Amino acid sequence: MVMRRWGTVILGLVFLLTVLSFFYTPYRPEQIQISRRLQPPSRLHFFGTDHLGRDIFSRLLVGGRVSLLIGVGAVLLGAVGGIVLGMAAGFVGNFVDELVMRVSDGMQSLPSILLALLFATVWQPGPVVILWAIAVGNIPIFLRLTRNQVLSIKKRPYVEAAQALGNGSGGIIWRHILPNIKDALIVQFSVSLAGAILAESSLSYLGVGIQPPHPSWGGMLREAQAYASMAPWLVVVPGLAIGLTVIGFNLLGSGWTNGR
Amino acid sequence: MKRYLGQKLISFVLTIVIANLAAFLILNVLPGDPALLMLGTEGSAEAYARLRSELNLDQPPLVRYFTWLFQFFRGQWGVSVRYSMPVRELVASAFPLSLTLAVLAVGTAVVIAVPTGMFMAVRPRSPLGRLFSWFTQVGMALPQFWVGLLLIQVFAVQLGLLPAGGNMGWVSFILPVATLALPRTSIFSRMVKTGMAQTLQQDYIRTAFAKGLPARVVYFKHSLRNGSLALATIAGLQFSQLFAGTIVVEHVFGLPGLGRLLLTGVLARDVPLVQALIMLVVLMILLFNLLFDLALGLLDPRLRYE
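Just so you know, the protein sequences line up as chains V and C, in that order. According to this note's numbering, the first sequence is numbered sequentially starting from 732. According to this note's numbering, the second sequence is numbered sequentially starting from 379.
Excised from the complex, chain V in its bound form (with noise of 0.2 Å):
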């Protein structure tokens, strides 16, 4: 209970941040100003300026957005493929399930990061070749957990009363299967979410991901390096960022089934 209240301000806080970044933001994020560099945070700057000056807050503020639109993005293309996949392997069995987990098993060999530095090494490095690698990092996770339980399900007597009854597939799915997972996808979700984010910020990190002059977590962690024992603040305050928001997706979907 205690974890998915904290789980909650965290993340609320994020979302509030998130949505006043669409409206406002104290300076625009590109915006060079020389003289101000490496600015110490002070009533002006919250988080102090980088090495051209720019507001570390209100790149913090942007590119917090571009990483949480990334991640819901990605994970939610990975979920309802992962479920569409799971479903039928789950439910038809036989060889479509044998084929399906055996493609899934190659799928899962290769994590998000490698599948994102694959596509960029063909397509230009950037947010669509992220997305895509998470999303199709993601199937298999939520292809094996549907499965699973759909396993697990089918055999249930309500199951088969309602397949006694003439319906369709379709429809137990819809009413009897997907409600009873619900729960586990949920977990399954915010989990994947907190990965999302932290490989989305490694990758802009290593540069295949956002690129400059947009602003990113990962990205800020890239430019601020060079600099990090003359303003430390420039690497302390995007971790810090990423870390809070992977917490707080972590602490939601761990404490999602214990807090019932």
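None of these hints come from the bench; they were simulated from the model. Remember, it's a predicted structure, so these values are computed and weren't measured experimentally. The beta-carbon is built from N, C-alpha and C at its ideal position, and this holds for glycine as well.
Derived lysine-lysine pairs resembling DSS-like cross-links, with alpha carbons at most 30 Å apart:
id: 1; chain 1: C; residue 1: K386; chain 2: V; residue 2: K885
id: 2; chain 1: C; residue 1: K599; chain 2: C; residue 2: K380
id: 3; chain 1: V; residue 1: K913; chain 2: V; residue 2: K886
id: 4; chain 1: C; residue 1: K589; chain 2: C; residue 2: K599
id: 5; chain 1: C; residue 1: K386; chain 2: V; residue 2: K886
id: 6; chain 1: C; residue 1: K386; chain 2: C; residue 2: K599
Quick look at which bits of chain C chain V covers, simulated, 3 or more residues with Cβ under 8 Å:
id: 7; stretch: 384 to 394
id: 8; stretch: 619 to 629
id: 9; stretch: 656 to 669
Given the coordinates of chain V, assemble chain C onto it according to the supplied hints.
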């Protein structure tokens, strides 16, 4: 055991074929022309034609795939465009470093995670248990490259105790290994905790206590062994995450390992290098998973009859 072994081997081979076909398709078929990608817009027509025949691009895709696969398993991994060196030599020089890094990190993680995980399972509500629990949450959430940057700041720049990067003997490994071990320690200790907490509810634990066995024996022999078996399956999936982590950590600390080689290859659009490296990494991940599954099958007879 034979049947179990057979099943695992078949799925191992199938998975390799699928993963490597996917990598080949992405790199070679989808966008069109790797030769054009590598040369960029300034390449001359002759250079383009030469590169195309060097990369076998004038052959149909299916022929190319099998040629490449055949050559890969014969140990001919092609020539890197970026370094103008055989990929095999590049890998041979980078591989030991990455392996050392990974093994040390996993070793450190296990050594720390088992006792802390046990403690969290046995005394979940004690102050120290709660502290560990929060610590693991934080350890899982912090991005590895950030932890690496902070460690460099504190131990290399401020205190001057350890090198900030590069490979200068074993001291260079301390900070990268710590960085790589942190999230894994957190995940492993949570796994040990969950596994043990489940067994502690079982009747045989109560029986063991009731017949007067010392707590030490019950916890280690009855609870930890059974609890860690069930969770070892999940641990097997960590190998792929470990490699992803190695890429990032090698970049932060400027260590010339496989991850750094791969990143350079990606940014330089060095298709032969990336292709061989991805194949190699997938092979290693799957091989580790297979060995892991087999070891589990040996340890836990129930798995063999599923």
